[in-house]
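Chemist: All chains should be modelled from the sequences, with the hints used to inform the complete structure.
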Amino acid sequence: GENVEQHPSTLSVQEGDSAVIKCTYSDSASNYFPWYKQELGKRPQLIIDIRSNVGEKKDQRIAVTLNKTAKHFSLHITETQPEDSAVYFCAASSRGGADGLTFGKGTHLIIQP
Amino acid sequence: DTEVTQTPKHLVMGMTNKKSLKCEQHMGHRAMYWYKQKAKKPPELMFVYSYEKLSINESVPSRFSPECPNSSLLNLHLHALQPEDSALYLCASSGSTDTQYFGPGTRLTVL
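Those sequence lines, one after another, are chains V and D.
All residue numbers in the first sequence are consecutive under my numbering, ending with 136.
All residue numbers in the second sequence are consecutive under my numbering, ending with 101.
Ranges of calculated distance between the beta carbons of each label pair, as one might list FRET restraints: (1) D:Thr6 with V:Ala93: 47 to 55 Å; (2) V:Gly39 with D:Asn7: 44 to 52 Å; (3) D:Pro73 with V:Gly39: 41 to 49 Å; (4) V:Pro136 with D:Thr6: 45 to 53 Å; (5) V:Glu106 with D:Ser10: 32 to 40 Å; (6) V:Ile85 with D:Glu74: 31 to 39 Å.
Once the Cα atoms are required to be at most 25 Å apart in a straight line, the calculated BS3-like pairs of lysine-lysine come out as: (7) V:Lys45 with D:Lys31; (8) V:Lys65 with D:Lys30; (9) D:Lys12 with D:Lys(-1); (10) D:Lys28 with V:Lys45; (11) V:Lys81 with V:Lys128; (12) V:Lys45 with D:Lys26; (13) V:Lys94 with V:Lys81; (14) V:Lys128 with D:Lys31; (15) V:Lys81 with V:Lys45; (16) D:Lys9 with V:Lys65; (17) V:Lys128 with V:Lys94; (18) V:Lys65 with D:Lys28; (19) V:Lys65 with D:Lys(-1); (20) D:Lys8 with D:Lys28; (21) V:Lys91 with V:Lys45; (22) V:Lys128 with D:Lys30; (23) V:Lys80 with V:Lys45.
Just so you know, these hints were derived from the structure itself, not from any lab.
For every residue, glycine included, the Cβ atom is placed at its ideal position computed from N, Cα and C.
Modeler: Right, here's the structure in full:
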């Protein structure tokens, strides 16, 4: 089955700086890669996703890049704000997500004021 | 209605009890999922329903029994659970874009 590795487990950045979280996956059949943000006690919320036919996708301060050859994808957050503090999970799935998602272990992002 | 709802929010049960978790969505989504999330861990897939049929069971113990009565509802029946089954149980659904939307979860405590 799919295995997703995520690094780092904790990331502390100064407000206004950029944050980068990296994930690798094992199954070359995976073709859908979402990122979720989960605040304490709340549900995971999708912040951005990318499919294997695209190398990069951007939505305001958030961007995701995908390297299919190397089987890795990254989340980039620019101009970080205090409300960006949360746990971020990457995930991978084949069949566009229909098989369910395999999540990375999560990154606790801390924005220092 | 653009949300996935789950009831109850919290549930405490003994090891001999039988209880059910409910999940509902009115977005016309064709696939529904159950995930289990322990504290400080990622969600782990338990079951996938596609067009009201069970398509994936991730080797979940039989004390967890899923049911999909119709395209909007997903239940998880619980029986003879163990304390280590205490967790947040998340339901999700997805439609034609395959994006999975999560419900708020049921926090289950097994005594």
